[in-house]
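What follows is the residue order along each chain.
2 protein chains.
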Amino acid sequence: MQTLIQSVLTLQNGTLEAVDVLLMGDRIHTVAPAHTLPVAAHQRLIDGSDRLLLPGFVNGHTHSSQVWQRGLIPQLPLELWLANVFESTPRQLEQFYWGAVSTAVDTLLSGGTCVMDHAYVIPGQEMETVEALVRGYKAVGIRAVIAPLIQDLPFASGFPQGCLLPQGASPRSAVALLGMMADIVTTFHDPANGIYIGVGPTGFHRCSDQLLAGCQELSDRHHLCYHTHLLETRAQHRLAQESYGISAVQHLHNLGCLTPRTSVAHGVWIDEGDIQILAEAGATLVHNPVSNLRLGSGLAPILRCRQRGLNVSFGCDGAASNDAQNLLEAIKLGTILHRVADDDYDHWLTPEQTLQMATAGGARGVNLADRTGTLAPGMAADLVLYNLNHPSMLPRNHPLQLLVLGRPTDVVETVWVNGKTIVDQGQVQTIDVNALHHILARSVGAQGNQQTQHHPVEPHYRQVMIHGPGEGR
Amino acid sequence: MQTLIQSVLTLQNGTLEAVDVLLMGDRIHTVAPAHTLPVAAHQRLIDGSDRLLLPGFVNGHTHSSQVWQRGLIPQLPLELWLANVFESTPRQLEQFYWGAVSTAVDTLLSGGTCVMDHAYVIPGQEMETVEALVRGYKAVGIRAVIAPLIQDLPFASGFPQGCLLPQGASPRSAVALLGMMADIVTTFHDPANGIYIGVGPTGFHRCSDQLLAGCQELSDRHHLCYHTHLLETRAQHRLAQESYGISAVQHLHNLGCLTPRTSVAHGVWIDEGDIQILAEAGATLVHNPVSNLRLGSGLAPILRCRQRGLNVSFGCDGAASNDAQNLLEAIKLGTILHRVADDDYDHWLTPEQTLQMATAGGARGVNLADRTGTLAPGMAADLVLYNLNHPSMLPRNHPLQLLVLGRPTDVVETVWVNGKTIVDQGQVQTIDVNALHHILARSVGAQGNQQTQHHPVEPHYRQVMIHGPGEGR
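Residue numbers (our numbering), protein chains in the order written: chain A, 1 to 473; chain B, 474 to 946.
The shape of chain A in the complex, shown without the other chains (with noise of 0.2 Å):
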């Protein structure tokens, strides 16, 4: 199956250009400037005009699961959130697959063609909810990384001095989901059919050494993607310093977790040392701009990474705490946020360099930079077409500065994922997308008066980050 893309546009060394790319079964086999490649009678021919064509993105930071819980939480921190995530969580492994079925479908709508789903398993049924996972990204077709949250230390430890807190059930013990993550491993690691298993220790504040450095040797064994929380709050910011006296990046330096595979979630209080330390280590750190504003985590510091060299890429984040999963507002607002923190406007983020932190640096974060993210030959064919006829891209201005800074709606209008057409004319191909409604649609939510969850930890929370002595970065 060949198909030519005649004369679009696209994002090349920065600038745009308009070209011919012909794709051959699951490959980009060439990109050649415009109406310079022939024309085939074997072959779909796409009429690029008006159109433009970038990598697929990469949603490098999601939990599937909290699909059904979009709309659901109120206004609360990371630690108070949490709780109220974990008790309004889906028990039932069809959840599960819809939610997969629904992130990969928000993903593609708004330009991705991977996702890294850090995903909740259900306690006692981690290789069924694996399952119901893979099934999902398999019936749409999308690329997926799927890293369990494993950890084995109680809800309590994640909280500053929590030791005074009631300790709660203990989780499984390191060994035992260091067994079941190799389990996951064999079953279901298929880079040939484009699933992945990630190890997704939880974060630092959840997980033993133990946990963190065995997973750093599955990861060594198989080549995975480490994929972890890290500093997203100011809590966690105090609780590293409980715990090891020194910076929580430093400390999973020391156990050998830093590794070019390791990519980490949100980084909102990494300080310059730990900036030096996650880019001399080849890590990337995942920017999750809607989720971190929502639950009040602070500002991750982007532009000061970008300079010191860490690969930045872009996540939405689980729907509990971005109520869209669409990659074009994350990238939106992490392309202008950070000017708040840098008065020279030569510093700010431009749409050409978060297009490709959100392709190339979103491969990188998840350990395929050799086979997705970027517009070339060889490269697995995972590419997006924009309609720039549609009404959100006019007038007809600069079509990057309307995908990034605009608000696009309906734009996407073809997407291959491994050379497969999985979206045309902004349809999906490969499920029924309005089954996908209706189940979701049956819920049986909250529709009415949202009340905050006064949890029992609160107090303790109030007392330690509110009302104590305040800490600056």
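With beta-carbon atoms standing in for the labels, derived distance ranges:
#1 A:ALA441 x B:GLU490: 21 to 29 Å
#2 A:GLN425 x B:ALA849: 42 to 50 Å
#3 B:GLU745 x A:GLN125: 52 to 60 Å
#4 B:LEU518 x A:ALA376: 56 to 64 Å
#5 A:GLY378 x B:THR488: 56 to 64 Å
#6 B:ILE719 x A:ASP344: 22 to 30 Å
#7 B:THR488 x A:PRO191: 50 to 58 Å
#8 B:THR488 x A:ASP370: 51 to 59 Å
#9 B:ARG564 x A:ASN193: 56 to 64 Å
#10 B:LEU566 x A:ALA41: 47 to 55 Å
#11 B:GLU745 x A:ASP370: 52 to 60 Å
#12 B:ASN862 x A:PHE86: 24 to 32 Å
#13 A:MET24 x B:ARG564: 48 to 56 Å
#14 B:GLU601 x A:ASP344: 40 to 48 Å
What the simulated footprint calls covered on chain B by chain A, stretch by stretch (three residues with Cβ under 8 Å from a Cβ of chain A suffice, anywhere in the stretch; the number is not a length):
#15 532-544
#16 761-770
#17 803-813
#18 878-892
In case anyone wonders, no lab produced these hints; they're calculated from the structure.
Yeah, the Cβ is synthetic: ideal placement off N, Cα and C, and Gly gets one too.
Chain A is fixed; fit chain B onto it per the hints.
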């Protein structure tokens, strides 16, 4: 003409309730508990199941002609961005007509029923420009306040140490401008038909005291909204110190320009004393979060404003500094952005609060609180019906959180302005929207690479604002 909307969710006193709403003529006649109003044969009956009914939002600050500059201007701070905007501003009256039409359509389809157009007007064709805008807004049928931008100081006066710059052409005198404004009021102020003229001195940085005070006199005489830019940037904050030795807010207050009819756009750099003065005057601050980030202007102290009793509403600002004109996007960002400024989540804005700001708060900001912005008997029937069955409003959790914190798309089903159905089944009924898109698509813009425009004032700006001594708030 009567319309009965039966059993529809709405926000009453901060909580969701199902009600019946009867519209009669141009007004809301009755609001009653669900299924209590009798159905009459001559009524249009609307089933409110799975629907949310809110008063229309007010877009409290925009510049309609910038529709033509959407996606055009590179990444620059206000003062340098402005130089680019001037150079690319439209010059044809028909562009102003279509700019008003486009702004009205974008407003309606994102939940608005009223727009404050702080309108650029073609020098020497001011009356004709306002005529074109009025024609555009009347064609669509939206409620509009048109406040022509006027200034009597040259462009250079908007820069700190602007006396060092070439002064350029002098604008018209205060006397001439005030005479022109009096003519515009006489000719176009037409409350009975939903068209209002406001007085809109550009800002203290481009206006003499004579002009600022003369505008107030006009406002007093005709009971007009007084609308002006205020302390949008750090440069303006510095300029106020240079020009007055006191804060710009205190200066406007001393001139008598702060009343309950006053709305000021931005206020990013107001301090505690300024907030107090504005609150005591009963003025309104129009918050434009997207534009403030796009131009790197900073974070307006919105939480403090509200804590001090200052009315805050929302604006999109013009399409050259917010390349979308979507009120729901501005409200979402305004809801979550300010959490970075205050760790105490008890102070964070809720969707219920920001919807109130966008409706009743917005109406107060355009001096129309007695007419619109509230769902109550006797108020104008300026209402928006949202479809909660749309995929972007699923699953069925909290509809207000989904509307404000999600990314609702195509959810506006019906819009009434002054009792007239302007949007039905998601389609604007009054004009041919395809004709608008055709006109916008015909524009020959810079569809290609965008180079940062280096303006002659740039070295001065860098010297004074970037390399000069730092200045805290």
